[in-house]
Amino acid sequence: MEELKKTVEALIFVSETPLSAKKMAELFEDASERDILEAARELADDYERRGGGLCLVEVGGGFQFRTIDSAAPWIQKLRGGKPASLSRAALETLAVVAYRQPVLKSEIERVRGVDVSAALKGLLEKNLVRIMGRKDVAGRPIIYGTTKRFLEVFGLRDLSELPTLREMKELTGEEGEGLE
Amino acid sequence: MKEGVPRLRLTRLARVWSVPCIMDYRIKLDVFEGPLDLLLYLIRKNEIDIYDIPISLITEQYISYLDAMKSLNLDLAGEYLVLAATLLHIKSRMLLPVSEEIDEEEEDPRADLVRQLLEYQAFKEAAIDLDRRKMLDRDVFTRREACDHAVEAPEGPVREIGVFELVKAFQKVMSGLPTADLNLDISADSMSLSQRISEVLDLLNERKSLTFEELLGEEGDRRVLVYTFLALLELMKMRVARAFQQGPYETIRIWLAVELEGGDADWKN
Numbered sequence: 001m002e003e004l005k006k007t008v009e010a011l012i013f014v015s016e017t018p019l020s021a022k023k024m025a026e027l028f029e030d031a032s033e034r035d036i037l038e039a040a041r042e043l044a045d046d047y048e049r050r051g052g053g054l055c056l057v058e059v060g061g062g063f064q065f066r067t068i069d070s071a072a073p074w075i076q077k078l079r080g081g082k083p084a085s086l087s088r089a090a091l092e093t094l095a096v097v098a099y100r101q102p103v104l105k106s107e108i109e110r111v112r113g114v115d116v117s118a119a120l121k122g123l124l125e126k127n128l129v130r131i132m133g134r135k136d137v138a139g140r141p142i143i144y145g146t147t148k149r150f151l152e153v154f155g156l157r158d159l160s161e162l163p164t165l166r167e168m169k170e171l172t173g174e175e176g177e178g179l180e
Numbered sequence: 001m002k003e004g005v006p007r008l009r010l011t012r013l014a015r016v017w018s019v020p021c022i023m024d025y026r027i028k029l030d031v032f033e034g035p036l037d038l039l040l041y042l043i044r045k046n047e048i049d050i051y052d053i054p055i056s057l058i059t060e061q062y063i064s065y066l067d068a069m070k071s072l073n074l075d076l077a078g079e080y081l082v083l084a085a086t087l088l089h090i091k092s093r094m095l096l097p098v099s100e101e102i103d104e105e106e107e108d109p110r111a112d113l114v115r116q117l118l119e120y121q122a123f124k125e126a127a128i129d130l131d132r133r134k135m136l137d138r139d140v141f142t143r144r145e146a147c148d149h150a151v152e153a154p155e156g157p158v159r160e161i162g163v164f165e166l167v168k169a170f171q172k173v174m175s176g177l178p179t180a181d182l183n184l185d186i187s188a189d190s191m192s193l194s195q196r197i198s199e200v201l202d203l204l205n206e207r208k209s210l211t212f213e214e215l216l217g218e219e220g221d222r223r224v225l226v227y228t229f230l231a232l233l234e235l236m237k238m239r240v241a242r243a244f245q246q247g248p249y250e251t252i253r254i255w256l257a258v259e260l261e262g263g264d265a266d267w268k269n
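Chains A and B supply the protein sequences, listed in that same order. Its first residue numbered 1, the first sequence is counted upward by one per residue in the numbering used here. Its first residue numbered 1, the second sequence is counted upward by one per residue in the numbering used here.
Incorrect hints may appear among the rest.
[To be verified] Calculated cross-link-like contacts (lysine to aspartate or glutamate; reagent style DMTMM-like; alpha-carbon spacing at most 25 Å):
| hint | chain 1 | residue 1 | chain 2 | residue 2 |
| --- | --- | --- | --- | --- |
| 1 | B | Lys134 | A | Glu16 |
| 2 | A | Lys135 | B | Glu199 |
| 3 | A | Lys121 | A | Asp136 |
| 4 | B | Lys208 | B | Glu160 |
| 5 | B | Lys134 | A | Glu125 |
| 6 | A | Lys148 | A | Glu125 |
| 7 | A | Lys126 | B | Asp129 |
| 8 | A | Lys23 | A | Glu33 |
| 9 | A | Lys5 | A | Glu58 |
| 10 | A | Lys135 | B | Glu234 |
| 11 | A | Lys105 | B | Asp112 |
| 12 | B | Lys91 | B | Glu47 |
| 13 | A | Lys22 | B | Glu206 |
| 14 | A | Lys5 | A | Glu16 |
| 15 | B | Lys134 | A | Glu9 |
| 16 | A | Lys121 | B | Glu160 |
| 17 | B | Lys208 | A | Glu125 |
Just so you know, these hints were derived from the structure itself, not from any lab.
With the hints as extra help, turn the sequences into a complete structure.
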């Protein structure tokens with residue numbers, strides 16, 4: 001196990017994107033995906049116990065080393081430029097896409113009560129939102145959803161990790177109405 | 001923005017613009033994310049029960065905000081006016097005498113609006129929650145340099161080209177086709193644009209970039225060509241694909257402008 005942990009640590013370190021246990025499992029002959037998942041999670045615990053400047057997180061279906069958030073101001077200085085941020089319009093639009101996907105632009109506009117063209121365009125360019133296809137109705141409107149990058153940016157393992165919408169219980173009959 | 005987003009509202013902006021005094025406070029109007037946001041703000045400010053909105057009061061306040069916006073020459077988006085009309089409509093319905101014949105099923109005229117407000121509020125909070133998460137490249141960082149995940153435009157002295165150059169290139173391809181292949185067979189259309197878009201997307205996703213000729217391919221069928229070209233134009237309009245050229249008469253290359261996840265491009269209904 002200790003040997004496996006070391007190798008897994010090295011693999012995650014060199015990977016540019018979150019590395020999934022499944023992908024790592026393909027590299028080993030004598031370790032199953034389950035073993036690797038276990039090793040990686042133990043490793044994450046080790047890092048947490050150590051309380052250093054790095055942590056091992058599970059995001060977007062894989063594992064990735066990240067810095068602790070308290071180091072952010074210095075890292076920003078080191079890297080220069082302004083930190084990534086999203087406007088309220090972008091965040092609200094993103095929230096609707098995340099919770100309602102697959103979703104049409106008209107549905108997002110109905111929820112937000114404003115035109116969302118600019119916000120959507122920005123989110124597409126930032127690769128947080130993607131086009132999932134087109135709906136087979138008149139005008140063939142575009143269907144939007146979130147990307148894997150969205151999970152990475154917001155530190156989510158998968159979409160099910162999004163907190164449940166508050167108030168949702170009071171909106172009975174409203175869910176999923178967008179794409180019937 | 002990270003903490004207390006909704007409290008941005010009261011501002012010092014009044015010193016810059018002489019905002020007409022409404023109800024004893026001054027506001028920066030453009031911080032509202034739209035009519036629903038403004039309405040929610042008024043409801044909260046008046047400490048009103050969202051399930052029992054005094055329509056008359058709220059309509060009055062809402063409209064005075066719109067007046068203030070107008071007097072500031074702010075662009076008043078049409079959406080604000082639509083909601084004003086909705087409010088007035090609800091108000092008028094509230095004034096109608098309730099019919100004696102027990103129409104028990106008749107809904108409160110405010111019900112739709114309340115649902116909409118609650119729904120919007122839920123997403124507004126979800127947006128704030130998202131913003132509070134540890135965001136990559138803002139709060140937490142990875143080993144690699146912060147880089148946009150979008151596929152970069154190719155290196156070298158290339159320039160992005162627009163629709164007109166593409167149309168020209170397309171005409172060239174079309175004129176190269178033998179006219180004999182004019183197909184008069186009016187068969188049921190077996191191809192759809194959305195399908196072609198998906199196919200082009202898949203192709204781009206696989207290869208990252210294609211030349212214009214590669215994209216239009218060896219297929220000599222005019223209809224396929226036209227569909228492919230329309231698909232390309234659509235993708236460029238959506239900013240999913242971009243076209244580059246090193247100079248006049250050079251090869252045109254189509255690049256994928258965003259990163260896609262495999263397999264989902266043909267999601268249908």
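Results for each hint:
no., hint, verdict
1, Lys134(B) x Glu16(A), "holds (19 Å)"
2, Lys135(A) x Glu199(B), "holds (15 Å)"
3, Lys121(A) x Asp136(A), "holds (22 Å)"
4, Lys208(B) x Glu160(B), "holds (16 Å)"
5, Lys134(B) x Glu125(A), "holds (21 Å)"
6, Lys148(A) x Glu125(A), "holds (14 Å)"
7, Lys126(A) x Asp129(B), "holds (19 Å)"
8, Lys23(A) x Glu33(A), "holds (8 Å)"
9, Lys5(A) x Glu58(A), "holds (16 Å)"
10, Lys135(A) x Glu234(B), "holds (15 Å)"
11, Lys105(A) x Asp112(B), "holds (20 Å)"
12, Lys91(B) x Glu47(B), "holds (20 Å)"
13, Lys22(A) x Glu206(B), "holds (21 Å)"
14, Lys5(A) x Glu16(A), "holds (19 Å)"
15, Lys134(B) x Glu9(A), "holds (22 Å)"
16, Lys121(A) x Glu160(B), "holds (18 Å)"
17, Lys208(B) x Glu125(A), "holds (16 Å)"
Hint check: no violations occur; every hint is consistent with the structure.
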